[in-house]
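Colleague: One letter stands for each residue in the lines below.
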Amino acid sequence: MPATLITNGRVIDPSQGIDRVTNLLVSDGRIAAYDATPTGQETVIDAAGKIVVPGLIDMHVHLREPGFEEDETIASGTAAALAGGFASIACIPNTDPPIDTQGAVEFIRDRAARADHCNVFVIACVSKNREGKELAEIGQLVEAGAVAFSDDGAPVSDSELMRRAFEYCLMFDKPVLNHAEIRELTSRGVMHEGLTSLILGLSGIPAAAEDVMTSRDIALAEATGGKLHIMHVSTANSVDALRRAKSRGVRVTAEATPHHFTLTDECLRSFDSNFKMNPPLRGREHVQAVIAGLADGTIDVIASDHAPHAKEKKMQELDQAPFGVIGLETSLAVVITELIEPGHLDWPTVLRKMTVNPARILGIPKGTLQLGADADITIIDPKARWTVDPSKFLSKSSNTPFAGRELTGRADLVMVGGRVKFQR
Amino acid sequence: MVTAAEELGPVPDLWKRRHLLALEDLSAEEISLIFDKAEVFKRAMAAGQRKIPVVTGKTCVNLFFENSTRTRNSFSLAARRLGADTVDFSASTSSLSKGETFIDTAKNIEAMGIDLVVVRHHTPGAPQLLAQNLNCGVINAGDGPHEHPTQGLLDILTIRQRCGRVAGLTVALVGDIAHSRTARSNIWGLKKLGAHVIVCGPSTLVSPRWAELGVEYSYSLDDILPRVDVLNLLRIQFERQTTRPFPSVREYAHLYAMDRQRLAKTKPDILILAPGPINRGVEVTPDVADGPHSAILEQVTNGVAVRMAVLWLILGERAPVK
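Protein sequences, first through last, are from chains A and B. Start counting the first sequence at 134; every next residue gets the next number (the numbering used here). Start counting the second sequence at 11; every next residue gets the next number (the numbering used here).
These are calculated hints, taken from the structure and not from any lab test. A few of these clues could be false.
[Unchecked claim] DSS-like mimics (lysine-lysine), calculated; alpha carbons at most 27 angstroms apart, straight line: (1) K525/A - K554/A; (2) K446/A - K277/B; (3) K26/B - K52/B; (4) K202/B - K277/B; (5) K444/A - K117/B; (6) K52/B - K201/B.
[What the hints assert, rightly or not] Partner residues are not named here, just some residues of chain B that face chain A (Cβ under 8 angstroms, in silico): (7) I113; (8) Q138; (9) R219.
Note that CB positions come from ideal geometry on N, CA and C, so glycine has one too.
The following block holds chain A by itself, in its conformation from the complex:
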């Protein structure tokens, strides 16, 4: 494979504190040199005016296969990931059957290899069959390649099981990712409990349902020394609890989704099920708290919680439509438009949350442009203006809450292991 020289791009790599215009040389699928001069032998990619970053990572993606291929497949989901600028994703095990056996982990890795789009890392179930009753065979799942454990979609409600999960994962040094929700407080809930749900008469999902579970998980992680990652943080009190836990040295990390730091529960006034997800869109004060948590480092990761659902499932009465929205193909642009352009966060801070931070949490050798690292690279056009048109998505589903939005910035090119896998 000939070497590739990416010229004149602004290279930002938070893992090394790099932010400067340079020429980046890729050779043999690895990062080979900085400040390289062209020799005429390389394939040259002109990145003038562009931002060159470690291949982006989305650590919260529902690929739906096996079991829900009408919503997404491993092939379509990974194609959508590339189009969104992601060189690596981690997929969530709430499939049918759920990913709680070695065979299931191998199935996903095999399908991902055959699709040959982006890297796919497998998150496996905490509990057998995601039932929250007994631990899955975590040791064997680790051997098969699982990088983390989660029953996402369902919280681990049983505190004893959660405690055991933290303890047991200690010996594999793997994190437990939890969807923080006290189910007793959210039954039949459709949207955030607040003024808008009061007006619309829709059943509420109170912020306290997340706050209580976040605090419980923190207490259990603290007691066991286990690694906790709170998925899709959406409430002010959760952010606050995380901030205090981190200051005490608890091994806790957290992620936020683009929709939770941009949209509010008032979107539900349209009764559009593309605004229905769990955790739900919250009130303005929660959105601001999530942005503050991202800005001060309390929230480590930006992840999409890409949750595709076929149109026939979403086009139902609001209580019948499933929770979830897609995000792979809008995430980066929403981040640029809503976090960077208004000045909430700068480029290195944002990119840290989409590269090195998720890589460290998952313990994967990605998210860096260090010499010798896999040449996973995303080139971003920070100025491109475009309008979200769900019919153009590579995802099989179109359930985005950002349809029709004008956004700024998108990925122009994604390289995975030195090979250009996506080019606009």
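We have chain A; now place chain B onto it with these hints.
Modeller: Here is chain B on its own, set in the frame of chain A:
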């Protein structure tokens, strides 16, 4: 003598809607227009006119996914008195039990050549979903706890008739505010027309956040009784409650049932409404429900008139464009 049809004239330009989904959407002028036209229909009916054929040739479907007798019959009667055809469609006898979706069911019905769908559904927003997906008109006859615009209209019309005005009155809605679409439609309509609204009931069913919309809230019926002009006693909607919001019906009735003792504490000319169906002995005792302050049966009469007005405004002849 002018006929009702002549008195009505063409549908005024002020009315531009194809749907009636929520009173929150309506202006005070639109609400007053509905009332004025409803009174034309009411007078004509009182004068013995059985048919006022101003929407002949139109077909209305009652698409009901929740039980109803009063509202469905009221809409059917209203449509027939206007000369329209009506078809009843209830979820239990439909293809829904064979797995057809709500929207597909509605589209199939519309394909039979329907001008208007009157829909009742247990999910807030279901009528909006239909309005987005069908070409015909849609009237919301109750969407879960969200709105029931014609019920709100008939309640407020009854107040206007009995009290001679709406602006400046203090109207208390008492009971299961949390689960009541009637409460929400009343709140919007009353506020737009300038009334002061109090929502009253147990703290598990009355959110303090109503204050953010300019609505007073109270947990004590006894405290507010002396200063209210109108009481609207709402049913406890046991079927919508996920967890029990109060310890017992006995305790609820003790705190909120409108009985003779409580009636003695009110203004002498208090008006008492109940949207029905009423639970006698829970929200209201029989002597009060059947007493001189009660307008419960007038509400039912007004219901037909209001629905005739709404159907006519949506389906009736408009003045030719000049």
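Colleague: The structure should be examined with respect to each hint, and the outcome stated for every one.
Modeller: We went through each hint and held it up to the structure:
1. K525/A - K554/A: Holds, at roughly 18 angstroms.
2. K446/A - K277/B: With Cα atoms ~54 angstroms apart, K446/A and K277/B exceed 27 angstroms; violated.
3. K26/B - K52/B: Cα-Cα ~23 angstroms, so holds.
4. K202/B - K277/B: Measuring from Cα to Cα gives roughly 24 angstroms; hence the hint holds.
5. K444/A - K117/B: Holds. K444/A to K117/B sits at ~16 angstroms (cutoff 27 angstroms).
6. K52/B - K201/B: 25 angstroms, holds
7. I113: With a closest approach of 6 angstroms, the I113/B hint holds.
8. Q138: The hint holds - Q138/B has a Cβ within 8 angstroms of chain A, the shortest such distance being about 5 angstroms.
9. R219: Given a least distance of 5 angstroms, the restraint on R219/B holds.
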